[in-house]
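Engineer: Chain by chain, the residues:
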Amino acid sequence: MKKTRSTAKPVHKPVFANGDDIQIPVFTLLKPDGTLYAGAGATSLDETTARRIYRAMLYTRVLDERMMAAQRQGRLSFYMQCTGEEAAVIGSTAALADADMIMAQYREQGALAYRGFTTDEFMDQLFGNERDTAHGRQMPIHYGSRDLHYLTISSPLATQIPQATGYAYGQKLAGQGHCTLTIFGEGAASEGDFHAALNMASVHKVPVIFLCRNNGYAISTPVTEQFAGDGVAARAFGYRMQSIRVDGNDVLAVYEATREARRLAVEENEPVLIEAMTYRLAAHSSSDDPSGYRSKKEEEAWHKKDPLRRMQRWLIERGWWNEDEERELTESLRREVLETMKQAEKRRPPALETLVSDVYAETPALLREQLATLKAHIGRHPEAYPRSAPWLDGDTETEGQA
Amino acid sequence: MSRMNLLQAVNNALDTAMAADERVLCFGEDVGVFGGVFRATSHLQEKYGRDRCFNTPLVEQGIVGFANGLAAQGSVPVAEIQFADYIFPAFDQLVNETAKFRYRSGNLFDVGGLTVRAPYGGGIAGGHYHSQSPEAYFAHTPGLTVVVPRNPHQAKGLLLASIRSPDPVIFFEPKRLYRASVGEVPDDDYELPLRQAEVVKEGNDITLLAWGAQLEVVEQAAEMAEEAGISCEIIDLRTIVPWDIDTVVESVLKTGRLIVSHEAPLTGGFAAEIAATIQSRCFLYLESPIERVAGLDTPFPLTLEKEYMPGPLKVLDAIHRTMDF
Numbered sequence: 001m002k003k004t005r006s007t008a009k010p011v012h013k014p015v016f017a018n019g020d021d022i023q024i025p026v027f028t029l030l031k032p033d034g035t036l037y038a039g040a041g042a043t044s045l046d047e048t049t050a051r052r053i054y055r056a057m058l059y060t061r062v063l064d065e066r067m068m069a070a071q072r073q074g075r076l077s078f079y080m081q082c083t084g085e086e087a088a089v090i091g092s093t094a095a096l097a098d099a100d101m102i103m104a105q106y107r108e109q110g111a112l113a114y115r116g117f118t119t120d121e122f123m124d125q126l127f128g129n130e131r132d133t134a135h136g137r138q139m140p141i142h143y144g145s146r147d148l149h150y151l152t153i154s155s156p157l158a159t160q161i162p163q164a165t166g167y168a169y170g171q172k173l174a175g176q177g178h179c180t181l182t183i184f185g186e187g188a189a190s191e192g193d194f195h196a197a198l199n200m201a202s203v204h205k206v207p208v209i210f211l212c213r214n215n216g217y218a219i220s221t222p223v224t225e226q227f228a229g230d231g232v233a234a235r236a237f238g239y240r241m242q243s244i245r246v247d248g249n250d251v252l253a254v255y256e257a258t259r260e261a262r263r264l265a266v267e268e269n270e271p272v273l274i275e276a277m278t279y280r281l282a283a284h285s286s287s288d289d290p291s292g293y294r295s296k297k298e299e300e301a302w303h304k305k306d307p308l309r310r311m312q313r314w315l316i317e318r319g320w321w322n323e324d325e326e327r328e329l330t331e332s333l334r335r336e337v338l339e340t341m342k343q344a345e346k347r348r349p350p351a352l353e354t355l356v357s358d359v360y361a362e363t364p365a366l367l368r369e370q371l372a373t374l375k376a377h378i379g380r381h382p383e384a385y386p387r388s389a390p391w392l393d394g395d396t397e398t399e400g401q402a
Numbered sequence: 403m404s405r406m407n408l409l410q411a412v413n414n415a416l417d418t419a420m421a422a423d424e425r426v427l428c429f430g431e432d433v434g435v436f437g438g439v440f441r442a443t444s445h446l447q448e449k450y451g452r453d454r455c456f457n458t459p460l461v462e463q464g465i466v467g468f469a470n471g472l473a474a475q476g477s478v479p480v481a482e483i484q485f486a487d488y489i490f491p492a493f494d495q496l497v498n499e500t501a502k503f504r505y506r507s508g509n510l511f512d513v514g515g516l517t518v519r520a521p522y523g524g525g526i527a528g529g530h531y532h533s534q535s536p537e538a539y540f541a542h543t544p545g546l547t548v549v550v551p552r553n554p555h556q557a558k559g560l561l562l563a564s565i566r567s568p569d570p571v572i573f574f575e576p577k578r579l580y581r582a583s584v585g586e587v588p589d590d591d592y593e594l595p596l597r598q599a600e601v602v603k604e605g606n607d608i609t610l611l612a613w614g615a616q617l618e619v620v621e622q623a624a625e626m627a628e629e630a631g632i633s634c635e636i637i638d639l640r641t642i643v644p645w646d647i648d649t650v651v652e653s654v655l656k657t658g659r660l661i662v663s664h665e666a667p668l669t670g671g672f673a674a675e676i677a678a679t680i681q682s683r684c685f686l687y688l689e690s691p692i693e694r695v696a697g698l699d700t701p702f703p704l705t706l707e708k709e710y711m712p713g714p715l716k717v718l719d720a721i722h723r724t725m726d727f
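Chains as they are written, first to last, in this note's numbering: chain C, 1 to 402; chain V, 403 to 727.
Hints were generated in silico from the structure; no laboratory data involved.
Glycine included, C-beta positions come from ideal geometry on N, C-alpha and C.
You can trust all of the hints, since none of them are fake.
Here are the simulated EDC-like pairs of lysine to aspartate or glutamate, each with C-alpha atoms no more than 20 Å apart in a straight line:
{"#": "1", "chain 1": "C", "residue 1": "205", "chain 2": "V", "residue 2": "453"}
{"#": "2", "chain 1": "C", "residue 1": "205", "chain 2": "C", "residue 2": "267"}
{"#": "3", "chain 1": "C", "residue 1": "205", "chain 2": "V", "residue 2": "432"}
{"#": "4", "chain 1": "V", "residue 1": "708", "chain 2": "V", "residue 2": "621"}
{"#": "5", "chain 1": "C", "residue 1": "9", "chain 2": "C", "residue 2": "21"}
{"#": "6", "chain 1": "V", "residue 1": "716", "chain 2": "V", "residue 2": "628"}
{"#": "7", "chain 1": "C", "residue 1": "304", "chain 2": "C", "residue 2": "33"}
{"#": "8", "chain 1": "C", "residue 1": "205", "chain 2": "V", "residue 2": "431"}
{"#": "9", "chain 1": "V", "residue 1": "449", "chain 2": "V", "residue 2": "591"}
Only part of the chain C face toward chain V is listed, based on derived beta-carbon distances under 10 Å:
{"#": "10", "residue": "135"}
{"#": "11", "residue": "137"}
{"#": "12", "residue": "144"}
{"#": "13", "residue": "152"}
{"#": "14", "residue": "165"}
{"#": "15", "residue": "361"}
To give an idea of the chain V side of the interface with chain C (calculated C-beta under 10 Å), a few residues:
{"#": "16", "residue": "461"}
{"#": "17", "residue": "479"}
{"#": "18", "residue": "501"}
{"#": "19", "residue": "503"}
{"#": "20", "residue": "510"}
{"#": "21", "residue": "514"}
{"#": "22", "residue": "567"}
Required output: the full structure, derived from the provided sequences and hints.
Structural biologist: This is how it looks when you write it as structure tokens:
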């Protein structure tokens, strides 16, 4: 404000500015065929990190295929795929320190895969069984991991964005050189929470990176009906924040952009907005049918820009990967997912006590009473509650949680 | 001991909390150098620096979202919403985020460090938007703790307990009492228990239950009733949720009569919840129907504020109705 007040020049005719003279380019290094653009600078990606990224991308693709199939078979209630957006999610995660915080929306399982979330952990959450750390309280895909610095997913859109600003403010005060990456869709960027978060981050100079996955659609609503401006990247200027638009299907570009964003965030306390241009190749969720709002032709055009194929060709070209390795890994991942799923779906549901624990640090008396009443009721009608009735038979292990 | 008004007690509690724990941060609109529009955060920036006490942009959803993130990170944020009437842009962050943080993550993450303070209640000619008592909205959300103090001593002890509670707390400060309520407050660091009502005055014939500024109102009604020979027991609920059922039940088992009074509108107010619970637990001991003395089911008015408010005479009438039933 001070700055604007002291530098704005007076004019004597009404001059309106519309921002059209600012054209934000798309940063890209890798062509769709996996070769580098002429003039593309050297990548800082080393072989180990590159392989770790690609493995996580492949893992995510396999996981999504298998779990969507499981949902179609009626084994899983709900699912959401990351398909098409793996480079945006995993490339950005790879550019962070592993102890940096990630606050995602719901389609970012690739970040967890990169950080080492196990197939058991994925499956236990998806099936909401007794080993799910959140005790089957949330719908499938609402993962979280304290060890992996990945905040538990929450369905309401954009709520994590101002939280990321606050979390990063705390990281700045703690002074250990960590930052927060928050990821969200271009639809979520219409929410008030997005604007609040960017403004506060810029005012308070907070080490946070805002990564928008502009995947073309918020469920069925295309970007043309989401905003009239130049995408999401341009909004940063209103908050005097640095902003970059990147080809979200180009893992090298996403990685380099996020790496530099992290440097700005951590070393200079400058928040950054990244708009990753990508495409949601799959449906919004297992409950959605995209044929009602977009064409096969459009989808096919984006299949040709598949981020996995693009990275694979680049890796093979460098001698860091080969097709045999790809085949073996894909096969073994499929087996691993299937076997783990079979185990997870057989596990018991969470203990009845977990229904009332964690509402408060210490369960209030009234809620303990409600649990006792519920137990007595289930005891009278065990046939009506097949999931929880077996827990009534003297299971004391989880008693302490209530 | 020092003589303080309620505002000074709040300021003293924040000062005490910030001195004791460097993770405690205070922020909100005009909270920084100005010390808040009511001056609850006076001199805190001067003492603890701009990193720990600061202004935020004017965006309540952002303030609470930011505070949720800070609490998840391990800081102890005390966020101010300038008036409880303006808390609604933050309703989503409070109801869907703050309240569910621990539950939805299976205790992997929590925002227990969070306290949201907001001046609250009527009596200052504040009209629709500087007068409301929105506690019932939040009482309907499991995971939230809602606290309302009645005087300076209570304000300091309950605010310190709220800041240090392992659960997020919404702390409503009756702003009519900010300067009007003056009393002795210990200078040292002390906490008063959350989830515990307090029997402020013992009596035998009828129980009067209230919280915040309404305590003073039921005390005045009780004095008038005593002149007519009616012995009133007065309870300050203090924590609205999770509420102390046992203390209220114990009292009603003794008196057989209950009046619950709050400034918020009658319909769906927290008195309804209390009445339902007490009638089910004390049914055979009740001598008369449980009465509610509350605000009208209207937006909070201005010129006719006194008519809207559940003042001492309305409580007194209810006492007589109950006694004569």
